[in-house]
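*Asks:* Sequence:
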Amino acid sequence: MFYLLKYFSISLFILVFQTEVYADFTVTEIAKGLYVHYGLQAETSVANKGDIANIGFIVGKKCVAVIDTGGSLTVGNALRHTIQQTTTIPICYVINTHIHPDHIFGNRAFLADKPVYLAHVHFPRALASRATNYLTAFSLLLAESLAENILVYPDKTVDDALELDLGERIIRLQTYPTAHTDNDLSVYDVNTDTLWLADLLFVERIPVIDGSLLGWVSVLEKLQQQNFKHVIAGHGEIKQIDWHPAMATELRYLTTIRDEVREYIKQMKPIEDAVAQVGHTEQARWLLFDDYHKRNVTAAFAELEWE
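The opening position of the sequence shown corresponds to residue 1 in full-length UniProt numbering, with each subsequent residue numbered one higher.
Simulated from the structure, these hints should not be mistaken for lab results.
The beta-carbon is built from N, C-alpha and C at its ideal position, and this holds for glycine as well.
Any given hint might turn out to be false.
The calculated DSS-like cross-link candidates involving lysine-lysine, where the alpha carbons are at most 27 Å apart (straight line), are [what the hints assert, rightly or not]:
{"id": "1", "residue 1": "Lys222", "residue 2": "Lys239"}
{"id": "2", "residue 1": "Lys294", "residue 2": "Lys269"}
{"id": "3", "residue 1": "Lys61", "residue 2": "Lys32"}
DEER-style ranges, computed between Cβ atoms [claimed, not checked]:
{"id": "4", "residue 1": "Ala276", "residue 2": "Asn191", "range": "47 to 55 Å"}
{"id": "5", "residue 1": "Ala128", "residue 2": "Asp165", "range": "43 to 51 Å"}
{"id": "6", "residue 1": "Glu168", "residue 2": "Glu263", "range": "23 to 31 Å"}
{"id": "7", "residue 1": "Thr88", "residue 2": "Asp155", "range": "21 to 29 Å"}
{"id": "8", "residue 1": "Ala276", "residue 2": "Gln85", "range": "35 to 43 Å"}
{"id": "9", "residue 1": "Asp165", "residue 2": "Thr26", "range": "22 to 30 Å"}
{"id": "10", "residue 1": "Glu237", "residue 2": "Ala112", "range": "45 to 53 Å"}
{"id": "11", "residue 1": "Glu148", "residue 2": "Thr88", "range": "30 to 38 Å"}
{"id": "12", "residue 1": "Ile170", "residue 2": "Glu272", "range": "36 to 44 Å"}
{"id": "13", "residue 1": "Lys61", "residue 2": "Ala131", "range": "18 to 26 Å"}
{"id": "14", "residue 1": "Ala276", "residue 2": "Pro90", "range": "18 to 26 Å"}
{"id": "15", "residue 1": "Glu221", "residue 2": "Leu40", "range": "24 to 32 Å"}
Using the sequences and the hints given, assemble the complete structure.
*Replies:* See the structure below:
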């Protein structure tokens, strides 16, 4: 009897916990059949379960494509539950836009659907090189022991571009030269003229350089010359109709770092001075500035001193 009561109590706790998670998990249909869940503008914590990235899905006539899965199995399960409440069309694809844990640690939630997992050609190598560090760090952040099986590697990788037919709905996967990371991938929905840029674009939250500052600036400058009806960032919501100003704001931050660091290098000032002083005119404009800005300057200095 004790074991039955214990089992019932645990099951009830899980049910209540999941109900609360699902109730807090909302998606916005920003275009017909294209749904976005906007993550919190925060760092991963026990309280938010890693729900800090923009993730979502696109519904075609025969297939659903999931774009990123969130920063924990809990978030991945909430996304899957939401898809099941939205449509009966099967999940055929799970697309990872890059390796950062806040975008991929929910991958395992979709294994039962037997989708094809897709990512940049550099994704497997990049994730394998950081797997141990990611699992250790996020076990601490989420206060739970994360086993390596939470990491789901792609079944298929994209070297340049790939077109998928979801059923009267074409989506195009596009890779990029090293920018935010060396494994960035975007998703373009032809039907709605929507470009899902993921972490190539940060809105309000400070961008994080984990690839190449110069490469990222180059990618953004080319994207700025294009026109799309909708653009989805990896963090933050573009609330105005025109997305170009949001990208221009990110470009301003990145080019400010580039230009000021170049000047410090030209004057042969040490990296410590640059880290302490570069880019602080941007401080009031970005969330989590103190968490990432100095690291960005360090990365920029390391890259630019070899120009």
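*Asks:* Hints numbered earlier in the text: which of these fail when held up against the supplied structure?
*Replies:* Numbers 5, 6, 8, 10, 12, 13, 14, in rising order.
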